[in-house]
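Given only the sequences and the hints, what does the whole structure look like? Please build it.
Those protein sequence lines, which keep their order, are chains A and B.
Residue 180 in the UniProt record's numbering is what sits at position 180 of the first sequence, and the numbering runs on without skipping anything.
Residue 329 in the UniProt record's numbering is what sits at position 329 of the second sequence, and the numbering runs on without skipping anything.
If you are wondering where the hints come from, they were derived from the structure by calculation, not from laboratory data.
Don't be surprised by glycine CBs; every beta carbon is placed ideally from N, CA and C.
Accuracy of the hints is not assured; some may be wrong.
Only pairs whose alpha carbons sit at most 27 Å apart, straight line, appear in this in silico BS3-like list of lysine-lysine [stated by the list, open to error]:
#, chain 1, residue 1, chain 2, residue 2
1, B, K49, B, K2
2, A, K168, B, K240
3, A, K240, B, K20
4, B, K28, A, K340
5, A, K240, B, K240
6, B, K240, A, K429
7, A, K258, B, K49
8, B, K386, B, K421
9, A, K340, A, K386
Computed spacing ranges between beta-carbons, pair by pair [unchecked claim]:
#, chain 1, residue 1, chain 2, residue 2, range
10, B, R428, A, N65, 51 to 57 Å
11, A, S343, B, C35, 36 to 42 Å
12, B, G97, A, D342, 53 to 59 Å
13, A, Q410, B, E182, 45 to 51 Å
14, B, L380, A, K49, 53 to 59 Å
Protein chains: 2
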Amino acid sequence: MKSISVGLLGLGTVGSGVVKIIENHQNKLMHQVGCPVTIKKVLVQEINKMRQVDIDKNLLTDNANDILFDKEIDVVIEVMGGVLEAKEYLLTALRQGKNVVTANKDLMALHGSELLSAASEFGCDLFYEASVAGGIPILRSLVDGLASDHITQLMGIVNGTTNYILTKMSNEGRSYDEVLKEAQELGFAEADPTSDVEGLDAARKMTILATLGFSMPVNLDDVTVSGISKITEEDLRYGKQLGYTMKLIGFAHREDEKVEVSVQPTFLSDNHPLASVQNEYNAVYVYGEAVGETMFYGPGAGSLPTATAIVSDLVGVIKNLRLGVNGRSTVSPQFPKRLKDDSEKYSKYFVRIHVQDEVGVFAEITSIFAKYGVSFEKILQLPVKKNEIAEIVLVTHHASLTNYEAILNQLRSLAAVKEIKCSYRVVRKSI
Amino acid sequence: MKSISVGLLGLGTVGSGVVKIIENHQNKLMHQVGCPVTIKKVLVQEINKMRQVDIDKNLLTDNANDILFDKEIDVVIEVMGGVLEAKEYLLTALRQGKNVVTANKDLMALHGSELLSAASEFGCDLFYEASVAGGIPILRSLVDGLASDHITQLMGIVNGTTNYILTKMSNEGRSYDEVLKEAQELGFAEADPTSDVEGLDAARKMTILATLGFSMPVNLDDVTVSGISKITEEDLRYGKQLGYTMKLIGFAHREDEKVEVSVQPTFLSDNHPLASVQNEYNAVYVYGEAVGETMFYGPGAGSLPTATAIVSDLVGVIKNLRLGVNGRSTVSPQFPKRLKDDSEKYSKYFVRIHVQDEVGVFAEITSIFAKYGVSFEKILQLPVKKNEIAEIVLVTHHASLTNYEAILNQLRSLAAVKEIKCSYRVVRKSI
Chain A
1 MKSISVGLLG
11 LGTVGSGVVK
21 IIENHQNKLM
31 HQVGCPVTIK
41 KVLVQEINKM
51 RQVDIDKNLL
61 TDNANDILFD
71 KEIDVVIEVM
81 GGVLEAKEYL
91 LTALRQGKNV
101 VTANKDLMAL
111 HGSELLSAAS
121 EFGCDLFYEA
131 SVAGGIPILR
141 SLVDGLASDH
151 ITQLMGIVNG
161 TTNYILTKMS
171 NEGRSYDEVL
181 KEAQELGFAE
191 ADPTSDVEGL
201 DAARKMTILA
211 TLGFSMPVNL
221 DDVTVSGISK
231 ITEEDLRYGK
241 QLGYTMKLIG
251 FAHREDEKVE
261 VSVQPTFLSD
271 NHPLASVQNE
281 YNAVYVYGEA
291 VGETMFYGPG
301 AGSLPTATAI
311 VSDLVGVIKN
321 LRLGVNGRST
331 VSPQFPKRLK
341 DDSEKYSKYF
351 VRIHVQDEVG
361 VFAEITSIFA
371 KYGVSFEKIL
381 QLPVKKNEIA
391 EIVLVTHHAS
401 LTNYEAILNQ
411 LRSLAAVKEI
421 KCSYRVVRKS
431 I
Chain B
1 MKSISVGLLG
11 LGTVGSGVVK
21 IIENHQNKLM
31 HQVGCPVTIK
41 KVLVQEINKM
51 RQVDIDKNLL
61 TDNANDILFD
71 KEIDVVIEVM
81 GGVLEAKEYL
91 LTALRQGKNV
101 VTANKDLMAL
111 HGSELLSAAS
121 EFGCDLFYEA
131 SVAGGIPILR
141 SLVDGLASDH
151 ITQLMGIVNG
161 TTNYILTKMS
171 NEGRSYDEVL
181 KEAQELGFAE
191 ADPTSDVEGL
201 DAARKMTILA
211 TLGFSMPVNL
221 DDVTVSGISK
231 ITEEDLRYGK
241 QLGYTMKLIG
251 FAHREDEKVE
261 VSVQPTFLSD
271 NHPLASVQNE
281 YNAVYVYGEA
291 VGETMFYGPG
301 AGSLPTATAI
311 VSDLVGVIKN
321 LRLGVNGRST
331 VSPQFPKRLK
341 DDSEKYSKYF
351 VRIHVQDEVG
361 VFAEITSIFA
371 KYGVSFEKIL
381 QLPVKKNEIA
391 EIVLVTHHAS
401 LTNYEAILNQ
411 LRSLAAVKEI
421 KCSYRVVRKS
431 I
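Pasting the structure below:
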């Protein structure tokens, strides 16, 4: 029986995990795909480095062409990271008729369409389940499990670092800086946490999810992004009083075949299924017209979950290989991209304002909202603080982004408004 | 382009949902499978009955053979329910080379193996995603998404009726009888609720899940079942005091290649992902050695979610048809069945006991646990009630079922023990 040969680009923690799973689960793999699976060659930067996994040194190479042009290699697995080099390698692999599995979200968010067309052109599979929420088979569920539904909303907690930080801040009443520092010490946050805490990592994943879920070619540039670094303990405390939990939410919504995609700190009502997703866990909430609410929960990262997703993709590729149908299950986006403009983006908002404690100020503020037809769901007026500053927390009913921004601008121009302390999107359970 | 013809067995609420989805999403289906999909014939009991869906009367038949022996029909969808007749029809369909999609959990739990072998023998697909937790693509995730992992635990809230009842009892402090009555009035529970409340429905679904997840032919008879009808408000209140939420949990565990499967009322620690699944929602929690914890959440029933799952299966069948690979993705169980005996089933337990308020009783009770090497995680001794009856709540560390049952028997034989009020399995988050 012909064995399937795999070339691995990269041998970091995820790559080592892939090697371990393929070696340890050889019997299970055999049972699933009907033939042995062998790692034939592994691209590394330095052949003589100490490795996290026991591997025959003869398999290692520092020349990608040893893999990309090896006619015996059927599948290339990319776990090296980075964008430009990885893209070149994968395009070469596809041109050589090799099927590809990748865990690279940056690559897929930036060049997914180009790579998928190449895969389709050369009759190869390109699978990338591991690029979004490693431990959750969400892409597969969108493509297959919810295939016949019309998905109108995708909401994701798709970054473990920020969810860890927000969970600690919320549960323990600690500051962002303090929790970030602890997360860095524990290895949950990088030394330079920008990509995580400013929402960029989440935006890449939402690009991939929205493209698949809405069958529309969404780009990273289409995603409005804001991060968590300015969230204060006070914000969270007020939110809690009103029954909200703060999460960094990737939000993708489709209405009348127009979409919006954003990543922003969001107050979820406590009974929203995403509100109970704690610590470094990820979850993706999907609303389909027929199915209603579903949610997929699991570890978002980690070498073994990610490696598991990669090997599951590998199993898919090999099944297709044995059936001779590679490249035929790739479904390119069905609809042209149509983005909502700001007047079509509706949301509820939580806004916390410091005002001078004077007669008539509250009326002045609320009349601005009224002018734009925006009413309130909740109002929290707090005792006057020192210096005659009063604090007002408002939760609006649905407002368009255009109107809401106009309201904020007018509020800022009022003499009695000292500061708009914060403003967040609010999502309640029933949509 | 050849159109794919579908025969539908049954036209109740789910069948009507299938008709609606296929009609309303014709474009999307075309895009996914590359050809039109037509419902050619529908088996009904009575042709002239009023229907929930607009359907050409010429498509209706009351003779199954019109579908089973129609050479133009490629796929048979079974949504008629029942076991024996449905089984005969599907075996006939498979023998005629027709692919089958079914939502019938009773049929799959009782005769799944036989039907799957027939499908494999005649080179047909047999898909049954809709048979377990309609709105959650869990079977697909087990087969594909977690393909390369070794699953050791499956826990499911797989019955919406009982979850609705327990949620209401727990949140509102109401009695089982009262909430059941309300659920019946609201249509969440059947007039004869036995199959739901006594855990039989959940047991059927766990049979299907365990068979797939562990790749081992588990039978319905292998599942230990107890229901929720004896749970009291008091039980739930004490649980809450200790940080537990009561759920009817389908529990499937594998250790050293031996399995146990049960359905029983279980106290989950409040931070367990399943604890926050409320009302009629379902969820399946999966623990894999590599991936760790994942959970799939969604509506368990309902005609549209179930119909969505069916049409997604239909899409899978048609893709296979167009590739000419039907029947080749069926993976029969890999391992022979090996069940744990009671001495190998370990759990923590919650037990509530009424005792005579006398000196030495507590020592007498705890010494029985000690004799079997079972220690306590939590002890709650409550103020003496009327008639000198004291109430003791104990939560044990892990005990084997054999030992735990021996302990209960010895407790019952103590003169000072008036009654063992209740005893439940306890599952904490970390396993």
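Evaluated hints:
1. B:K49 - B:K2: The hint is violated at about 32 Å.
2. A:K168 - B:K240: Holds. K168 of chain A to K240 of chain B sits at ~24 Å (cutoff 27 Å).
3. A:K240 - B:K20: violated (43 Å)
4. B:K28 - A:K340: holds (22 Å)
5. A:K240 - B:K240: holds (21 Å)
6. B:K240 - A:K429: holds (24 Å)
7. A:K258 - B:K49: violated (41 Å)
8. B:K386 - B:K421: holds (16 Å)
9. A:K340 - A:K386: violated (43 Å)
10. B:R428 - A:N65: 51 to 57 Å: holds (52 Å)
11. A:S343 - B:C35: 36 to 42 Å: holds (40 Å)
12. B:G97 - A:D342: 53 to 59 Å: holds (56 Å)
13. A:Q410 - B:E182: 45 to 51 Å: Once the Cβ atoms are compared, 49 Å apart, the range 45 to 51 Å for E182 of chain B and Q410 of chain A holds.
14. B:L380 - A:K49: 53 to 59 Å: Distance hint for L380 of chain B, K49 of chain A holds at roughly 56 Å.
Going down the numbered hints, you'll see the structure goes against 1, 3, 7, 9, while the others check out.
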